[in-house]
Structures are given as C-alpha cells and as structure tokens.
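*Asks:* Starting from the known structure of chain A, fit chain B onto it as the hints suggest.
Protein chains in written order, with the numbering used here: chain A, 563 to 857; chain B, 379 to 656.
Just so you know, these hints were derived from the structure itself, not from any lab. Keep in mind that a hint or two might mislead.
Unchecked claim - If we take Cβ atoms under 7 Å as the criterion, some of the chain B residues that face chain A in the derived model are:
#: 1; residue: P469
#: 2; residue: P471
#: 3; residue: F477
#: 4; residue: Q479
#: 5; residue: S481
#: 6; residue: W485
#: 7; residue: F494
#: 8; residue: G500
#: 9; residue: Y526
#: 10; residue: G558
#: 11; residue: I611
#: 12; residue: V614
As the list claims (entries may be wrong) - Below, in silico cross-link-like pairs of lysine to aspartate or glutamate (DMTMM-like), each with a Cα-Cα straight-line distance of 20 Å or less:
#: 13; chain 1: B; residue 1: K644; chain 2: B; residue 2: D561
#: 14; chain 1: B; residue 1: K634; chain 2: B; residue 2: D617
#: 15; chain 1: B; residue 1: K634; chain 2: B; residue 2: E652
#: 16; chain 1: B; residue 1: K486; chain 2: A; residue 2: E752
#: 17; chain 1: B; residue 1: K486; chain 2: B; residue 2: D462
#: 18; chain 1: B; residue 1: K634; chain 2: B; residue 2: D589
#: 19; chain 1: B; residue 1: K396; chain 2: B; residue 2: E456
#: 20; chain 1: B; residue 1: K453; chain 2: A; residue 2: E752
#: 21; chain 1: B; residue 1: K468; chain 2: A; residue 2: E752
The beta carbon of each residue, even a glycine, is placed where N, CA and C say it ideally should be.
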Amino acid sequence: MSTAVKPAAPAPKAAKAAPEAPRPPMTPPPRPTLASHLRALDWGHLGIVAASLGIGVLLWHIVTAINLNFFINFENVPSPAKVFMAFIGHIQTSIFWTHIGVSMRRILISFSIATALGIGIGLMMGRSKIARAFIMPYIEVVRPIPAVAWIPLAILMWPTEESSIIYITFLGALFPIVLNTLHGVQQTPEVLVRAAQSLGASRTAVFTQVVIPAALPSIAAGLAIGMGVSWFSLLAGEIISGQYGIGYFTWDAYSLINYQDIVVGMLVIGFLGTGSTAAVRLMTRPMLAWQKRTR
Amino acid sequence: MLDVLKFKSPTKDTGKGKGRIDVNDVVIRFGKGADTHLAVDKTEVTIEAGEFVCILGPSGCGKSTLLNAIAGYVKPSEGAVTVDGDTVQKPGPDRGMVFQQYSLLPWKTVYENVAFGPKMAGHSRTESGSIANTFLELVGLKKFGDRYPAELSGGMQQRVGIARALANYPSVLLMDEPFGALDAQTRLMMQESLLEIWRKFGTTVVFVTHDVDEAVFLADRVLIMSAAPGRIIEDVRIDLPRPRSTDMASTPEYVKARQFCLDIIKAESRKAFENQNT
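Isolated chain B (complex conformation):
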C-alpha cells in the first residue's frame, strides 16, 4: 500500500488551502490590427483550493486558451490570472501541466522524464530518483521506469505525464483534454485512476474537455463555455458522492446532471455551427 504522507513535498507546503485560482476579467485576443481574433471574452471565475473543475465547451471555443493563460503560456490581453494571490507571468512548476498530445521527452526513459522536474527544482540525483519512483508507483508504472516513452501504450504515456506533473508537488494540476486521444475503455480506466490519484494528492485540478460524460463524472464543478469567443456561461455544481466509479453512470442524479450540461452544450454547438455557415 502507498503511504499518503509520501505525497507531501519534503520542502514545500502543499497542504490544504493551496491552489486557489482567480481568473479576473480575463480577455484574450490573438493577432494584430484588423486580424485580431477574440479567443476568450471577459471571464471571471474563482476555483477553490483542492477543487476538481472541468471546463467544458465545443471545439474551438477557447477553453484550452483559458487553460494556457492559467499555465502561463498565453498572456491575457486584459485582466490577470492569480494562483494563491500571485499573478501568473510564465509557466512554472507550481502549475503542473498534462497535454493532449504525448509530451514526454522521447530521448529520456520514463524514470528520467518523471525525475526531470525535481532535478530542475534543484533536488539531488538520489532525491529526484526517489521522488520519481514514488510517483511512478502512484500511477502504477514503477516497473516501466527504464522504458522509453514510445515503448508504452497511449494510456500509459499519459499516466507517466500525470506522474511527471505531480512530481513537482504542484498546487494546481492543469489538464488539456488529456484522455482525448485514448480509446473509450482506456479512457474510463484513466478517469477512475485520475480521481483516485486526486483523492490521495488533493491538488486543485482544472481539466479541459469537450466530453460531457467525462466532465460530469470527474468534476465538482463544470464550467461550460460558450461558442467562440469563449466565456463561461454556466457554472454547474455536480453533487454526486465520492468516491465515484463508472457504475454511477446510470444513477438518476448522474443522468440529470449530464442532461443539464448536454442541453446547454448542444445549444452552444448549434450556435457555433450556424456561425460557421454564415
């Protein structure tokens, strides 16, 4: 069995109450002059520490852009994002990122990939190694440490990606459609195992998806975004009990929550579709 205490950073305070995100009147525009494209319209939202929040929206609505602003890859044109009161300026290890595409360094072994963050943080080789092993164990891939990423299946690579992001003891875990490229069964398993990891680790999770089922199953709150330009049009609290399992998909509460989100999403998708046709 894994010792939950092992997931407390030896050096950093990652206790409860860390990882609050404030998105303050953020507007994101791309391009210059006449080619300006409004990706995210005035957005104001607060994500509490330790919350699991899904951002749900039709393709191209700007949900990934909003996530990238929290990560620090994109600078808001107006407003600001703060994490625990500090304004986000650039990407950093306090905000772990899991990408949709496979983003492990292909020339490093699985173990070296997970040890990379701790090493960058200045941990010694042995410390980094033991952190890497702890988190590989957490995602159930300790045996595969000396493999290269391409030797693993897609789901396993994404688990390594999660372990790698967590190895920095981030206060926030940002996930950009991380299971989008996986087959349906692997995806379900990954969702359950993500919830299990989150329960042990207790970090804030912001999870971007276009899949209603995924959002409802995972989240405490689902933020639904409008068609482009994106803004949050609905903040849905999902009160399904935890721990959750895929068996819940047929309970009336689940079906109701899902239907609610689905109706909003459908209206938005139709709008986006009609906009494209005009």
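If we strip away everything but chain A, and leave its shape as in the complex, we get:
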C-alpha cells in the first residue's frame, strides 16, 4: 500500500486526566428582594439615562426661553417649567386621575382580549396549514388599516362609544400578537420535535411540551409590541369619541388652545405606554427564565 495513511492514533491517556469542565458554575438565583433589586441596578447605566433626560429637558428649556424660530417655531411651545406646573396642578384634581384610570381600564380590557385571541389564533395558524391559508389574507388586508380609519365604522358598528374605543384598541394589539405567535411556532427547531416524538410524545404532547415553549420568547415579544401599539390605537379612539381618557384630555386641551396641557397629555401617554410595556415584559419574564440562564 503506497498511499500515505495517518498512523493509528496512540492511546491518549491524557484525555482521561482532563475531565470535561462544565460551563461556569451557576448558583440558583436567590429569591429577589427589594434590596437585591436595588443592588442589582446598574447605577452607571442609570446615570447615563438621567444625564440624557437632563440634557433633553435643558435643551427644551433653552429653545423655549429664547423663543427659537428657525424653520421650526418654538414660540408657542410651553417651557418645561410651565408644563411641570400644569402637571402638578392636574394631579391634584380628581378628573385628571379619572382620565388616566379610564384609559388604563380600556387598555387592560382590550389587551387581555387581544392576548387571549391573538395567541389562540396564532397557535391555530401555526399548527394547521388550512387555518393559516384561511386567516392570513384577512390579517394582511386589515393590519395596515390605521386605527384612525376605523373610527367611523367602529362608531356605526358598536352599540356604545366605549365598546368602539375598546374595539379599535384591541385591533391594534391583536396583529403583533398573532404574527409573533405564528412566527414563534414556525421557528420551533425540527430536531426538538423529532426528539420528543422518539420519546413517545403524542401530537398533543409535542404541541404543549415543545411547540408552545419554543414559541414563548416570540410570544412575549409580540405581547410587548402589542402593548405599545394598543396605546397608539387607544388615543385615536379617544380623540374622536368619549368624554374621558388621557387621549380625550390631550385633544380637549388642543381645542381649548391650552398648550401646557397638550404637552402634559403627551408626556403622560408616553410614560403610561412605556410603563405598561415594561409591566408586560416583567410579567412574561418568569416564563423565559430558562433563556436567561442560558445566556
């Protein structure tokens, strides 16, 4: 035999002496307490956030103080101090809290319905090709319609103003939840499905034990996006109809040419939207604990 063959490997005794090390040891996380949460906060990061917001408010103050009018006109924009004073004034009135409470209630109802229906429809579409082919055209056509465009029809269709606002808000949250759930189901690694099948899992067991857990990260992302979009839609609904709600408050301030209140309303919406999205993230986090320890 003239072909060069690599010599048979000598027995690597050394292999036995080098036991495989597991990845860095992980201690099971202790139960979080307020103190541990405070300690866990990244103060450096928070410092940058605070500095960024501080600079933003400062710039806002400067452009309004000098009445900057260079292409963009700041002459009628209220200063941060004025807005802050207006805000302090409002939080002492009960009507302001009613506006906020009504908006939050609408979000809660719409978002809950959208979550239940959206995940259900998404899972169904992910599981059955027929369901996907049947439902997808509606999603494609209805999804791009902006919430504002729904207002006239919603008012005509639904018995009360309240239900039409909730309907519009619900639609906003629905699509991101459906599409992310569907995406998550479709992303399930085939090898995990096969592994479960060879372990004796039935179709139902594969779905509940493999497909749904695999889709959870994507579902959680869909819920967070859905929450953001539901605020957009809520405001569209509240601006045109209704007597309460933070969107109504903002629109009303515009009608009355009350500049400070417009900005108060805008900022409250911004913070409520951020806060509720963060709440969704916080609530979905326990389901994704395995992912966190993975990284």
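*Replies:* Relative to the frame of chain A, chain B by itself:
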C-alpha cells in the same frame, strides 16, 4: 456501584433477544417527478439483537436517511423496516434516538429532560423521577440534574441525550453522528463511556458515523455505504476483544481492520468527489 439490574425496565421485557432489526429491500426516494432524488438504493440488512453496528460512509451517502427510516421519521419508498417483526410506521420510544445536534429541550432541566420519556409512557411523577435519576447516574451526571442544558458542555449534553433515550428502555438505540460536534479528546472519552453503558444495558445500537476510527473502535460490525445513492457495499465484522479501550488503537488487529475499512471508504469518497465534478 451501580446495580445492573436497575436497568431492567419495571414494566417491559427488554431481556436478551429483543431489538432485532430487519431492513428489507428498502429504497428511499425524495422529491416528486423529475426532481426525484434517490437517497438510499435497494438495501437489505439484518442487525441482530444486542449488536453494536456502525453505519460508515462518506458525507451525503444516505446513512442518516437509512437511520431515519429505522427511527420512523422517513417512510421507505419501497420495502420496509421491521424491529422484532413489527413494521416501523412512525417514531416511537422503543427506538431511542440520539441526534448530532443538541436536541435537549432547552426550557427543561437536565432531570426533566430525562424524565420526559417515562412521563410520556404514563409513569407517575415519582417513578419517572427515579428512572431519570438512575439513568443520570449511569452517565455520571446526577449532580447536574437541576441545570438547564445550555449550562452544560457539549459532551455532557450528549450524555444527557443518551440517558434520555435509554430512560424509555428502548430495544434499539439509534445514534446519528452523536459525537461529531465534540472535540477529539471528549469524543474519545464519550466513545469509551458509550461502550461501558452498552455493556451494562445490552441494547442494540445502530451508530452512524463518517469516522473510520470511531466505527472500528465501537462496532461489532461496520456496514460501509457507497457514495450516493447509498447502499451497503461491505459488511465488516470487527473481532477485537471487549471490553475495548482506546489503548487498542495501536494493536495489529485494530490497524488491519481500520486499514481495510479505510481503503473501501477512500475509494467511495473519490467516486463521490468525481461525481460531483462531472
């Protein structure tokens, strides 16, 4: 020390004589019409109960496809696969599967992964748990039960994969290049420990690999497949004594067996290479 009797299923007869595989004139084609691609050409082979058989062949020769047919993921276009006389229709717990890629459920702990099969088989929580612990002990990972798979090294994950497949007391263990992604040293250790597990457990093993050394070291028989379309062109009996250890790699018998397989494989690989170039 582990009690070998513990590896006998409490409910199933997994004694000697179970796990005979008959591949009867199996042909596997993929695609339809003009795009038909012949993956496995007429293949006829019998694997005896308790045998350790390696299927060796160049990449893309259809050896994994043949294994998938035994597992029940792929339906043969012609012929049939039977295990102990029963025709394979779909994947099932009597044929444990270990994959090349990591296939543990990442959201379940190591312990939950191994207990998954017994649970699906209808064992109670406590029974499933004790089976899981038995098999984690067998692969030396009992301490790591409450970890998530991603916290373990590649070799450890594959050991969990083996424990998980065995926890169903399968009559056949199917392994699709299970050590392909591991580094050379871990791979050697895994091969030795697989033989040790097999000696205790006594199940039939069908092990797919493209590594000649691995095949010769592990197997009672090496089935060498041709380049695509795959069919078994040589059935080599490896008569090296057992238990085997990596020290044997330099004995004349080993070197001879290895060279024999290597020559066939090389001729086949060259053919495959030339086919790709035409």
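*Asks:* Hints broken by the structure, by number, lowest first?
*Replies:* 8, 10, 11, 12, 13, 15, 17 and 19
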